Amino acid sequence: MRLMRVFLVLLILLSIISMTMQALFSTKEVYYTPIHIQLPWYESVYSPSAIALKVSVNGGIGMVTIRDIELNETLIFENVYHTKIFSFVFPHPGTFEISVSENSTGSFVVVLSPIEVGFPRSNWNSHLMILSFSAFILAILLWRETK
Amino acid sequence: MKELIRREINDPVILILVLIGSLLAGIEFKENLLTFAMRMSTTHSLLPPYGISSSILKLFTERTYSVLAFLIPLLATLSIRQDRDSGVAFVVYSLPYRKWEILFSKFIAIYSISVLFFTTTHIVIFLLHFSATPIIAVEAIKLKLSLLLTFYLFLLAFMCSLSSLIAILVPNSSVSLLLGFFFLYLPTILGISIIPWHEFISEEISFIEFVVPTVAFTLVCLSLFLIIGSRRDVV
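These protein sequence lines map, in sequence, to chains A and B. If you're matching positions, the first sequence starts at 1 in the working numbering and goes up one per residue. If you're matching positions, the second sequence starts at 148 in the working numbering and goes up one per residue.
Hints are computed from structural coordinates only; laboratory data are not their basis. Nothing here was measured: the structure is a model prediction, and the numbers come from that model. Check each hint, because a few of them may be wrong.
Here are some chain A residues pointing at chain B (derived, C-beta under 8 Å) [to be verified]: (1) V6; (2) V9; (3) M21; (4) T27; (5) K28; (6) E29; (7) I66; (8) E70; (9) T74; (10) N79; (11) H82; (12) V89; (13) G94; (14) P120; (15) S126; (16) A135.
Derived DEER-like restraints, expressed as beta-carbon distance ranges [claimed, not checked]: (17) S349(B) / V89(A): 42 to 52 Å; (18) K149(B) / S26(A): 49 to 59 Å; (19) R121(A) / P159(B): 48 to 58 Å; (20) D380(B) / I140(A): 53 to 63 Å; (21) N72(A) / T182(B): 47 to 57 Å; (22) S293(B) / E145(A): 49 to 59 Å; (23) F183(B) / T146(A): 22 to 32 Å; (24) A135(A) / L292(B): 21 to 31 Å; (25) R121(A) / V285(B): 11 to 21 Å.
Heads up, the beta-carbon is just placed ideally off N, CA and C, and yes, glycines get one too.
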């Protein structure tokens, strides 16, 4: 029984730690190295959180696509004529793929500059759900013990 | 023996220490998830859940290992050596159980608690971090669960058996703790560890290459621990 109680305390504290560290995460801590893409390569980028970005593409002529690997869906495609700057959001933590279309010419350099770091609502809810569920079970256990 | 294991598992000091160790590991896992500089160059398009599943085992780093390298000898010392130092062993060993049963139950207790708490911490931190895409996060865990369990089951078996052997061999608790930490940590930072956990995480070696030396070393340490422990006096 004591093991069960400590286990529930662990779940509560892990949710709090995860939530706090995620909430304190700022743009200063995010850094993406410039990405060089040349046909037929794909480049994957890991995003540690939901992040609003300024994307600047320099190089050849063609179409640059950013795809959400986790959900297998294309998020944005932009036609680039030597240079292009656009804003974009990584909607959740995960891996994203940057590629250029097959009829592109030349190589491309993609620079991702973080503008703002967010904490997705669904992510926040999951933390609170684990936290409240564990606290509820723990409360029942402690109540029974007192009786 | 079931009763002995239950008694050891519910030891409050051991539970509190494992809780603190798991929280430290949890902070480290989350820190890794927030600071991964992960980029993969590929000639083919990636499909889910390849992206995040490839990072599951990589959450475990040398800093996490150092938490374990300090915690496991501490648990073994408190469970095995401290009883003898404080004289509690006279009471415990007068119970109607054989010595090896008492010692084995202590080993099983620290081993099972560590496996339960550290595996849970790893999985919970991962799932919480990627909970914005819950189906993919669960798929990724399913894909790598067997590897993750193998890793913790065998690594912790090795660490617990070595720490237990040291605890039964040395004359007091302080020496047990210091030597346990020394023998678990030093070979790893010098790169001469016989347990290739680092290579297993980075997928440089196969499952068999990790499991065989780990199991062999664990069995040797555990056998020596039980044989020496049951022949030594309880002081």
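Cross-check of the supplied hints:
no.: 1; hint: V6; verdict: holds (4 Å)
no.: 2; hint: V9; verdict: holds (7 Å)
no.: 3; hint: M21; verdict: holds (5 Å)
no.: 4; hint: T27; verdict: violated (12 Å)
no.: 5; hint: K28; verdict: violated (12 Å)
no.: 6; hint: E29; verdict: holds (7 Å)
no.: 7; hint: I66; verdict: violated (13 Å)
no.: 8; hint: E70; verdict: holds (5 Å)
no.: 9; hint: T74; verdict: violated (11 Å)
no.: 10; hint: N79; verdict: violated (20 Å)
no.: 11; hint: H82; verdict: violated (23 Å)
no.: 12; hint: V89; verdict: violated (13 Å)
no.: 13; hint: G94; verdict: holds (6 Å)
no.: 14; hint: P120; verdict: holds (4 Å)
no.: 15; hint: S126; verdict: holds (3 Å)
no.: 16; hint: A135; verdict: violated (15 Å)
no.: 17; hint: S349(B) / V89(A): 42 to 52 Å; verdict: violated (32 Å)
no.: 18; hint: K149(B) / S26(A): 49 to 59 Å; verdict: holds (51 Å)
no.: 19; hint: R121(A) / P159(B): 48 to 58 Å; verdict: violated (38 Å)
no.: 20; hint: D380(B) / I140(A): 53 to 63 Å; verdict: violated (46 Å)
no.: 21; hint: N72(A) / T182(B): 47 to 57 Å; verdict: violated (26 Å)
no.: 22; hint: S293(B) / E145(A): 49 to 59 Å; verdict: violated (37 Å)
no.: 23; hint: F183(B) / T146(A): 22 to 32 Å; verdict: violated (45 Å)
no.: 24; hint: A135(A) / L292(B): 21 to 31 Å; verdict: holds (27 Å)
no.: 25; hint: R121(A) / V285(B): 11 to 21 Å; verdict: holds (19 Å)
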